[in-house]
Amino acid sequence: MGGDFGPPETVPGVLAALDAHPELTVTLVGDSDAVQAELSRHDVIGRSVSIAPSEGKVEDDEHPIAALRRKPNSSIATAMRLVQLGDADMVVSMGSTGATMATAVMALGLLEGLERPCIGGNFLGVAPNTTVVDLGSNVDCRPSLLLNFAALGVAFSRRRLGIENPRVALLSVGEESSKGNRQVQESHTLFRESHLNFVGNVEGMDFFTGKADVIVCDGFIGNILIKFAEGLGSALVPYLHHRLSAVLPGEQVQQIGEALWTTMNLPRTMGGPLFGVNGLVMIGHGSSTATGVAGAINTGLLCHRLELVEGFRQELAELHRAVVRET
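Using the working numbering, read the sequence shown as starting at 70 and increasing by one per residue.
Hint data in this document are derived by calculation from the structure and do not stem from the laboratory. Heads up, a few of these hints could be off.
[Claimed, not checked] The calculated lysine-lysine pairs, modelled on BS3-like cross-linking and capped at a C-alpha distance of 27 Å, are:
1) Lys280 - Lys296
2) Lys296 - Lys248
3) Lys280 - Lys248
With the sequences and hints as input, model every part of the structure.
If you want it as structure tokens, here you go:
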């Protein structure tokens with residue numbers, strides 16, 4: 070039921086994912102009539118898809134906790150209970166990120182040693198091996214939170230991207246340890262004393278220089294980064310069309326524009342996991358079409374096969390063991 074479009078995009082996206090991975094079993098959680106109406110428009114014979122009825126949905130403009138109290142059987146709450154009870158291996162949601170996070174924490178719990186979950190991943194096609202945390206879930210962060218998020222980013226980089234010993238850096242306004250606001254300066258000391266492969270501060274241009282594999286910032290900065298990249302991609306497409314249409318065939322210009330947009334908008338095409346909860350929860354972009362829904366499911370399947378949640382658990386345990394040894 071989530072996202073800007075609901076069943077008219079989520080249902081075709083699910084069916085596309087089932088075509089690519091027929092071994093999957095998918096439960097569509099939502100208003101039975103609305104979901105069934107969309108399913109009836111498609112050929113579902115031989116596809117393992119069913120409906121779990123729910124009551125209402127959490128809207129983007131609602132406060133997540135208050136809405137969940139008013140709507141205990143909402144689509145996201147019902148979906149999360151399926152994982153909690155062991156009836157599903159992961160949740161995929163295009164709906165309210167805040168509601169998805171809050172429900173995941175309440176139903177599945179946080180991994181040991183964590184105070185909050187976070188959002189992270191590789192969000193730029195021109196920097197495919199650079200993981201960024203946090204991408205928007207925590208706008209105010211103490212240094213200890215950022216250190217935990219860094220450990221989660223390391224686990225993602227190692228399991229998802231295959232980087233054995235990821236280099237970790239703090240996003241700042243200069244490479245020097247004295248640069249940055251109070252949060253960054255205090256975090257620098259904590260990171261330097263940790264067991265992580267900390268390489269110091271990096272600046273905005275270093276997303277593309279390969280200086281670090283995991284770049285850490287608070288969610289305020291991270292969300293601005295991801296939204297800026299999305300907006301820049303959308304702005305550059307008509308600019309390229311204007312500049313290239315006189316020298317290249319229209320079809321080729323269209324292909325270049327689509328490739329550029331995809332490169333700058335990876336979250337809309339692949340989704341990403343919620344870091345730090347005791348279960349696999351995939352968060353898709355609210356404006357995702359069927360292609361983005363299928364991409365989020367495909368990404369979730371890969372994360373499941375890579376045992377990403379177990380990787381998070383192991384990295385956090387190592388971080389906390391190192392802290393105990395140092396004290």
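Comparing the hints with the structure gives:
A threshold of 27 Å between alpha carbons decides the hint, and for lysine 280 with lysine 296 the separation of about 23 Å falls inside it, so the pair holds. Between lysine 296 and lysine 248, the direct Cα distance comes to roughly 25 Å. Compliance with the 27 Å bound is thereby established for this hinted pair. Pair hint lysine 280 plus lysine 248 holds up; C-alpha atoms about 17 Å apart against a cutoff of 27 Å.
In summary, the structure agrees with every hint in the numbered list given earlier.
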